[in-house]
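Q: Which chain is which? The protein sequence lines are A and B, in order. Quick note on numbering: the working numbering labels position 25 of the first sequence as 25, and the sequence is numbered without any gaps. Quick note on numbering: the working numbering labels position 132 of the second sequence as 132, and the sequence is numbered without any gaps.
Think of the hints as simulated: they come from the structure by calculation, not from any bench. Careful: at least some of the hints might be erroneous.
[Stated by the list, open to error] Here are the computed lysine-lysine pairs in the DSBU-like style, where the Cα-Cα straight-line distance is at most 35 Å:
# : chain 1 : residue 1 : chain 2 : residue 2
1 : B       : Lys20     : B       : Lys8
2 : B       : Lys65     : B       : Lys8
3 : A       : Lys109    : B       : Lys136
4 : B       : Lys20     : B       : Lys136
5 : B       : Lys136    : B       : Lys65
6 : B       : Lys136    : B       : Lys8
7 : B       : Lys20     : A       : Lys81
8 : A       : Lys109    : B       : Lys20
9 : A       : Lys55     : A       : Lys109
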Amino acid sequence: MSGGPSEFVGRRPLQIATRREADVPIVSISGSCTMEQSTRIGEALEPLAVDPAVKVLILDVRDLDFIESSGLGGVIAAFIKCRDRGAELRVVGPAPAILRVLEITRLDKLLRICDSLESAMPS
Amino acid sequence: MVRSDGVKEIVVPNDLVSAKRPEELILEEVSHCGYDESATFAIKLALEEAMTNAVRHGNRSDPSKRIHVRYTVNFERIEILVRDEGPGFVPDQVPDPTLPENIDRPNGRGIMLMRAYLDEVEYCEGGRAVRLVKLKRSEGG
Numbered sequence: 001m002s003g004g005p006s007e008f009v010g011r012r013p014l015q016i017a018t019r020r021e022a023d024v025p026i027v028s029i030s031g032s033c034t035m036e037q038s039t040r041i042g043e044a045l046e047p048l049a050v051d052p053a054v055k056v057l058i059l060d061v062r063d064l065d066f067i068e069s070s071g072l073g074g075v076i077a078a079f080i081k082c083r084d085r086g087a088e089l090r091v092v093g094p095a096p097a098i099l100r101v102l103e104i105t106r107l108d109k110l111l112r113i114c115d116s117l118e119s120a121m122p123s
Numbered sequence: 001m002v003r004s005d006g007v008k009e010i011v012v013p014n015d016l017v018s019a020k021r022p023e024e025l026i027l028e029e030v031s032h033c034g035y036d037e038s039a040t041f042a043i044k045l046a047l048e049e050a051m052t053n054a055v056r057h058g059n060r061s062d063p064s065k066r067i068h069v070r071y072t073v074n075f076e077r078i079e080i081l082v083r084d085e086g087p088g089f090v091p092d093q094v095p096d097p098t099l100p101e102n103i104d105r106p107n108g109r110g111i112m113l114m115r116a117y118l119d120e121v122e123y124c125e126g127g128r129a130v131r132l133v134k135l136k137r138s139e140g141g
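Turn these sequences into a full structure, and let the hints steer you where they fit.
A: Right under this line is the structure:
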């Protein structure tokens, strides 16, 4: 993130979509996770995080350009629910700005972060 | 509202939708003053954290309370004061979310993010207000 003035940081609306590939649930979030809609991420992840049939839950953030700490809280809550029943939450493709947020908060040590969707899929 | 000392002030109701208005006004000025994308990200993130803390923790989601924001944005620095109408708090008593025993707590990372992205973060008025400063020379930080 560098360069000239920008009017557009964090102005794309948050969009969340869930799909399955090879029966693995993939929650894709794009745009900006801002304070007034930060609970949406947790709400999207929670039912999958507690589903006994889900062994790996993938969170695709490749098109996410902003997230604040309440949105991160929804991710952490889902991570804990997965971990506590032996499942795994994998995070795919954070952009440099998002990765820096994860590094500052040390969540890069807690979450499994994958470079690509392919590498996140269970083998 | 622009005060006689040039500082601008806006007061908004205590909810997360209304809390967006100061952010929009400040980011317009940040863009006008030529701050880069990294600095814009930093200010946006810090404002989101400060306003969320004011709504939820300071004013405890009380709809009868308000949030007061004073700010100056110029070509050298951005300075913002966010003040709630709650009882205040002691920042040092907030658990460090990076400690192993706290690492998986869903909450508590807002203050850490503000400190990481800004040049100055100072709590005052017994924890009811937080002063945020971003310097132009530290863009990218």
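Q: Quick one, are lysine 20 of chain B and lysine 136 of chain B close enough, alpha carbons at most 35 Å?
A: Given pair lysine 20 of chain B, lysine 136 of chain B holds - Cα atoms ~23 Å apart, limit 35 Å.
Q: Are the Cα atoms of lysine 109 of chain A and lysine 20 of chain B separated by 35 Å or less?
A: Answer holds: lysine 109 of chain A to lysine 20 of chain B is near 31 Å, not above 35 Å.
Q: Holds or violated: lysine 65 of chain B with lysine 8 of chain B, Cα cutoff 35 Å?
A: Answer holds: lysine 65 of chain B to lysine 8 of chain B is near 20 Å, not above 35 Å.
Q: Is it true that the CA of lysine 136 of chain B sits at most 35 Å from the CA of lysine 65 of chain B?
A: holds (33 Å)
Q: Against the 35 Å threshold, does the CA-CA distance of lysine 20 of chain B and lysine 81 of chain A hold or violate the hint?
A: holds (31 Å)
Q: Hint check: lysine 109 of chain A vs lysine 136 of chain B, CA-CA at most 35 Å. Holds or violated?
A: Judged against 35 Å, a Cα distance of about 31 Å means the pair holds.
Q: For lysine 20 of chain B and lysine 8 of chain B, compute the direct alpha-carbon distance and say whether it is at most 35 Å.
A: holds (16 Å)
Q: Taking 35 Å as the top limit, are the C-alpha atoms of lysine 136 of chain B and lysine 8 of chain B close enough?
A: holds (19 Å)
Q: Verify the proposed pairing of lysine 55 of chain A with lysine 109 of chain A, using a straight-line Cα cut of 35 Å.
A: holds (20 Å)
In summary, the structure agrees with every hint in the numbered list given earlier.
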